[in-house]
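Enquirer: Residue strings, one per chain:
Protein chains: 2
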Amino acid sequence: MTTIDLQIHSSLQSSIDPSSAIEDANNGIGKDDERWRMLWHEPMQGEHLASIRLLVKKLKPQCENILLLGIGGSALGTKALHTALGSDGPRLFVLDNIDPHTVQTTIDTIMLDDPTLEHTVVTVISKSGETAEITSLLMVVEQAMGEATFVAITGPSGTLREYASKKKWATLTVPDGVGGRFSVLSPVGLFPAAMCGIDIEELLRGAREMDARCQQTENNPAGRLSASLVGAMQEGKAIHVMMPYCDRMENFARWYVQLWAESLGKINKNGVRIGPTPVAAIGATDQHSMLQLWREGPTDKVIGFVSVSEMDAVPLGKTAISDSQEWLCGKTLSSLLHAQQKATEKAMQEAAQATWTITLDQIDAFAVGEFIALWQAAVAIAGRLLGVNPYNQPGVELSKQLTRDAISKK
Amino acid sequence: MTTIDLQIHSSLQSSIDPSSAIEDANNGIGKDDERWRMLWHEPMQGEHLASIRLLVKKLKPQCENILLLGIGGSALGTKALHTALGSDGPRLFVLDNIDPHTVQTTIDTIMLDDPTLEHTVVTVISKSGETAEITSLLMVVEQAMGEATFVAITGPSGTLREYASKKKWATLTVPDGVGGRFSVLSPVGLFPAAMCGIDIEELLRGAREMDARCQQTENNPAGRLSASLVGAMQEGKAIHVMMPYCDRMENFARWYVQLWAESLGKINKNGVRIGPTPVAAIGATDQHSMLQLWREGPTDKVIGFVSVSEMDAVPLGKTAISDSQEWLCGKTLSSLLHAQQKATEKAMQEAAQATWTITLDQIDAFAVGEFIALWQAAVAIAGRLLGVNPYNQPGVELSKQLTRDAISKK
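If you read the sequences in order, they're chains X and H. Plus 595 on top of the position in the first sequence (first one is 1) and you've got my numbering. Plus 595 on top of the position in the second sequence (first one is 1) and you've got my numbering.
A portion of the hints provided could be inaccurate.
Said to hold, decoys possible - Using 25 Å as the maximum straight-line C-alpha spacing, the simulated DSS-like pairs for lysine-lysine come out as follows:
(1) H:626 to H:762
(2) H:926 to H:763
(3) X:761 to H:913
(4) X:926 to H:995
(5) X:761 to H:926
(6) X:762 to H:926
(7) X:655 to X:763
(8) X:995 to H:913
(9) X:761 to X:626
(10) H:913 to X:763
(11) H:995 to X:913
Claimed, not checked - FRET-style restraints, in silico, Cβ to Cβ:
(12) H:683 to X:905: 36 to 44 Å
(13) H:954 to X:723: 38 to 46 Å
(14) X:905 to H:982: 43 to 51 Å
(15) H:814 to X:863: 38 to 46 Å
These are calculated hints, taken from the structure and not from any lab test. Note that CB positions come from ideal geometry on N, CA and C, so glycine has one too.
Could you build the full structure based on these sequences and the hints that come with them?
Expert: In structure tokens form, the structure reads like this:
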């Protein structure tokens, strides 16, 4: 069985005790904004799987293109899942911005491939239907691609639900208590995943097993992560890098950025503005971009590594380009990549940055489910340690009004 | 003529006077590590254009795939140029990591398209030929795709130069005094750009005109940027975000991250570890990821916006999905995107984060050349204001030895 191993370097063995935060988080499971922790339990899991399977059975055989309209938590999880786990056929397009050039190019690409749109499924995701980016994208896409099959993934009630009902579109439900950044294992992420042949039951099984570990009093990986990272913040290490040494995990670093930033960047219960600044990086590439700063710049960082043990064997062969490069002969790309991760970890510890390392045996749906649940549970605990509500985003709501003001002035 | 407009919000009107740093930077032009400022002047410009044109004339007619092997500054600039300016035909593949899955998939994709490799040009870039990632990639690619046409872009002497000579490959030269992160307008970036039909003379012309502005005592955009950003650091705002509201500029934010982090993250002349932490974001998308943190979290950030005035007109149409969304009718995607940028800028200023905004009239080679020269000149000045050498990377060199140690132990 694939499991996740978590190592936290001693500099991060914080004195913070997460046990009461863990207990409080455990008490919240299934209530209010923490209904997301029921996504991998019955009856919610069974209801979601049944409705998704029914729709996938109907739509997948003809589907060659899936166009997803979603932003923030409605897109980041899906992008991460598909980069990690791939597709068995349909091409996935995600429009998560309103850049007109990207939107037009994407529509043109799909129309060229499927002029009648008989093989195209548009999935629009918005809990409320009041997110301007998504309603705008929908207006444009409906004009250009009205003959496609539309699916709406939305809340139990609201603007998009009503519109989908009027248009007689198939719908899937984002339950109450499942916020955008906690929604990847709800129909929001599971439907596009299932359309591409990803084993969504394994995703849920991985999440369920990890979430059980994340409720333990002892040896709780989410408790250790959150206590260490909150402890690091108190020591002035508030820049929290996630650096997978595996391209397929790169989009999970971006998923983490939203989860960590939007959940924990808040005014705390004492009225103080707090929050870590998460940064996404990719190894080994960003050793040639950010490493110099981490090594010689301020000691204000936690560098987190995501390493994958089993990778394809691509041998370097027996002929180096020069004597100085002979040491590479007989090695593989993955052995070099692993060596670089170890070397960077060591370099960071020597440079007085804190580190953590999560090692996945391999990338499969189970391990990815574990990874997701680990971080979502870590946020639930970290919010309590920091005295913030990890489930709201008042700062984003304010900006929506400013946008309406700005566009009205034009 | 397209020009760049730079606005810096009053909270960033730092009291730092950059004039002596500008003067010192002007004195450095063309010497030692600052020979990069001759890239857009004769005779260097003419020599580069002539050698690139000769090679492009020979290779472009048959070329359908360009595979670039490069990491850090050898790849980031090319990725940014091509995302911004596109290609008139050849498909560009960049391998800037040693992830075995990505490497194998990329090779397979090219081999499927061009089994005889008659239409494939492999461009390998390393100033020394001693960068393990690149020599490894070259070992793998030569085994798999030995029949392709190889071009090496490398220093005047060194391991890769010797190897290319032995293999009778065409070569282009990265001149001394042009470091990786300052090399996008050298043959490193210009050759792949020219192969894809990008107007490299316009790139250089834009850089030349901007660099002239960046040498002025008064109204010097690089001086204002660097003084403001260094001033912000002194006020505790050391997280420096670049957020283009334009997908085509997204990779320039990553190019900037390397330039800013690796140049300025250093031990300064007083022995203190300093350096800003640059962060790449994309608008409007990351309003749904990082904005909450910026709005309610610590006031330790400078949010920089890159806005493009002229974008494709994609009208939203006259039918909103509900009464509450009627305000979108008659608008365009670009008007909404511009409104969001303005709203976010205002929200950040209200939230006591500092801001700057660079507005490009449109995205063309001239404006992109201006943008590049602006930031490279800003680094030259900022290095002097901070008392660091922006042209070395001792922290990266150390990690290379650790990698060799780690792989030898296996």
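Enquirer: Any hints this thing doesn't respect? Which numbers, in order?
Expert: 1, 2, 9 and 13
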